[in-house]
Amino acid sequence: MVQYTQTHFNASFAALSDVTRRGVLEQLARADASISVLANKFDMTLTGMKKHVGILEQAGLVTTEKVGRVRTCRLGLCRLEEEAAWIERYHQLWAARFDELDKVVEELKRKEKADGRKKRR
Amino acid sequence: MDARKEGEPGLMNRTTVERTSERELVTKRTFNAPAHIVFEAWTKPELFKRWWAPKSMGMSLRSCEMDVRVGGKYRLEFQNETMAFFGTYLEVTPPSRLVWTNEESGEGGPVTTVTFEEQGGRTLLVLHELYPSKEALDAAGTGAADVLSETFGQLDELLVTLGASMGRT
Chain A
1 MVQYTQTHFN ASFAALSDVT RRGVLEQLAR ADASISVLAN KFDMTLTGMK
51 KHVGILEQAG LVTTEKVGRV RTCRLGLCRL EEEAAWIERY HQLWAARFDE
101 LDKVVEELKR KEKADGRKKR R
Chain B
1001 MDARKEGEPG LMNRTTVERT SERELVTKRT FNAPAHIVFE AWTKPELFKR
1051 WWAPKSMGMS LRSCEMDVRV GGKYRLEFQN ETMAFFGTYL EVTPPSRLVW
1101 TNEESGEGGP VTTVTFEEQG GRTLLVLHEL YPSKEALDAA GTGAADVLSE
1151 TFGQLDELLV TLGASMGRT
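Chains as they are written, first to last, in the numbering used here: chain A, 1 to 121; chain B, 1001 to 1169.
Hints should not be assumed to be uniformly reliable.
[To be verified] If you want the ones that stay clear, here's a sample from chain B, every Cβ over 10 Å from chain A, calculated: (1) L1047; (2) W1052; (3) G1072; (4) K1073; (5) Q1119.
[To be verified] Straight-line alpha carbon distances no greater than 25 Å define the calculated DSS-like cross-link-like pairs of lysine-lysine that follow: (6) B:K1055 / A:K111; (7) B:K1055 / B:K1028; (8) B:K1044 / A:K109; (9) B:K1134 / A:K51; (10) B:K1134 / A:K103; (11) B:K1134 / A:K111; (12) A:K66 / A:K41; (13) B:K1134 / A:K50; (14) B:K1134 / B:K1028; (15) A:K66 / B:K1044; (16) A:K109 / B:K1134; (17) A:K103 / A:K118; (18) A:K66 / A:K50.
[Stated by the list, open to error] Just a sample of chain B residues kept apart from chain A, beta carbon distances all over 12 Å, derived: (19) T1016; (20) E1018; (21) R1062; (22) E1065; (23) R1069; (24) Q1079; (25) A1084; (26) V1111.
Hints are computed from structural coordinates only; laboratory data are not their basis. Keep in mind the model is a prediction, meaning the values are calculated, not measured. From the three backbone atoms N, C-alpha and C, an ideal C-beta is built for every residue, glycine too.
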């Protein structure tokens, strides 16, 4: 299913268009890190790094969790997978419904034909 | 990601689902019948309940009440009384268009629009679900997963009971 989440992909691409944010993802792929550690590494202010992490978070690429005074960031790719998974379940449900609906529709078609023949007699 | 095997009859009429925006899901399917027939299967409760709760998904409706007219209500109840879907018809235009609300989850429920477009004796059905917000759609996803697993759990129990008492499915 390629089409299911165009808007998410757009958000992801926008998030990935920045060299610092790509660096943050590479960093988080190696290990989770706090905002202040990331800010240090990329020689940025806390506020600047928060902004970048916020954009990555919105795109579902990063998740953050605040424990005490430290906000830890980690890769959040699973959110995309989660969405794909439930849309796939939704798809399966409707596909199953429509297969049953096919049977009902065939029956109605046959009935209509039979009724049509009766009327012509 | 279509699970069907090649050569199955349904292959020509594939079901597609697309999240067209943060708040919208669009499902499409073609049926080999004129629109008035497909419409009938969506608007007569005795027909609707035969396909809407597919056995293959382990679902079964206990009751299905539908007052298909503008302002009319519907209510679908699963085996378990706590699981019900209900709402109000906003538009009823035979044989081409149905619109209803989904009120079981309060404010967060979508408005469902179904259109039936006849093309050379076949019908393209488009099911459009518009949620009040991105969060509502995201939450519905999580909820749907819960409902499905709950349903499967109930089915397991039901099958055991039925198997024991009836000796048939």
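Hints, one by one, checked against the model:
1. Distance to chain A contradicts L1047 (chain B) as a non-interface residue, since its nearest Cβ pair spans about 5 Å, not more than 10 Å.
2. Annotated as non-interface, W1052 (chain B) brings its C-beta within 10 Å of a C-beta of chain A; the closest such distance is 6 Å.
3. Every beta carbon of chain A lies more than 10 Å from that of G1072 (chain B), the smallest distance being close to 21 Å; the non-interface claim holds.
4. Residue-level check passed: K1073 (chain B) sits 21 Å from the nearest beta carbon of chain A, beyond 10 Å.
5. Against the 10 Å criterion, Q1119 (chain B) stays outside the reach of chain A, whose nearest CB is about 15 Å from its own CB.
6. This hinted pair checks out: K1055 (chain B) and K111 (chain A) have alpha carbons roughly 23 Å apart, not beyond 25 Å.
7. Between K1055 (chain B) and K1028 (chain B) the CA atoms are separated by roughly 21 Å; this keeps the pair inside 25 Å, and the hint holds.
8. Among the hinted pairs, K1044 (chain B) with K109 (chain A) is consistent with the structure: their alpha-carbon atoms are about 15 Å apart, no more than 25 Å.
9. Distance restraint check for K1134 (chain B) and K51 (chain A): the Cα-Cα separation of roughly 21 Å lies within the 25 Å cut-off, and the hinted pair is therefore satisfied.
10. With a C-alpha separation of about 35 Å, the suggested pairing of K1134 (chain B) with K103 (chain A) is violated against the 25 Å cut-off.
11. Distance check on the hinted pair: K1134 (chain B) and K111 (chain A) sit about 44 Å apart at the alpha-carbon level, beyond 25 Å; violated.
12. Of the pairs offered as hints, the one joining K66 (chain A) and K41 (chain A) holds, with about 20 Å between alpha carbons and a cut-off of 25 Å not exceeded.
13. With a C-alpha separation of about 23 Å, the suggested pair K1134 (chain B) and K50 (chain A) falls inside the 25 Å cut-off, and the hint holds.
14. Taking the CA atoms of K1134 (chain B) and K1028 (chain B), the gap is about 21 Å. The hint holds against a cut of 25 Å.
15. Taking the CA atoms of K66 (chain A) and K1044 (chain B), the gap is about 52 Å. The hint is violated against a cut of 25 Å.
16. Restraint check: the Cα-Cα separation between K109 (chain A) and K1134 (chain B) comes to about 40 Å, which exceeds 25 Å; the hinted pair is violated.
17. Of the supplied pair hints, the one linking K103 (chain A) and K118 (chain A) holds, its CA atoms being roughly 23 Å apart against a limit of 25 Å.
18. The straight-line distance between the Cα atoms of K66 (chain A) and K50 (chain A) is roughly 13 Å, inside the 25 Å bound, and the hint therefore holds.
19. The non-interface label for T1016 (chain B) is inconsistent with chain A: the shortest C-beta to C-beta separation is roughly 7 Å, within 12 Å.
20. Against the 12 Å criterion, E1018 (chain B) falls within the reach of chain A, whose nearest CB is about 4 Å from its own CB.
21. No Cβ of chain A comes within 12 Å of the Cβ of R1062 (chain B); the nearest lies about 17 Å off, and the non-interface call holds.
22. Even its closest Cβ contact with chain A, about 18 Å, leaves E1065 (chain B) beyond 12 Å, as expected for a residue assigned away from the interface.
23. Against chain A, the non-interface label of R1069 (chain B) holds: every CB pair exceeds 12 Å, the least being about 21 Å.
24. With a least beta-carbon separation of about 17 Å from chain A, Q1079 (chain B) lies farther than 12 Å from that chain, consistent with its non-interface assignment.
25. Every beta carbon of chain A lies more than 12 Å from that of A1084 (chain B), the smallest distance being close to 17 Å; the non-interface claim holds.
26. Against the 12 Å criterion, V1111 (chain B) stays outside the reach of chain A, whose nearest CB is about 17 Å from its own CB.
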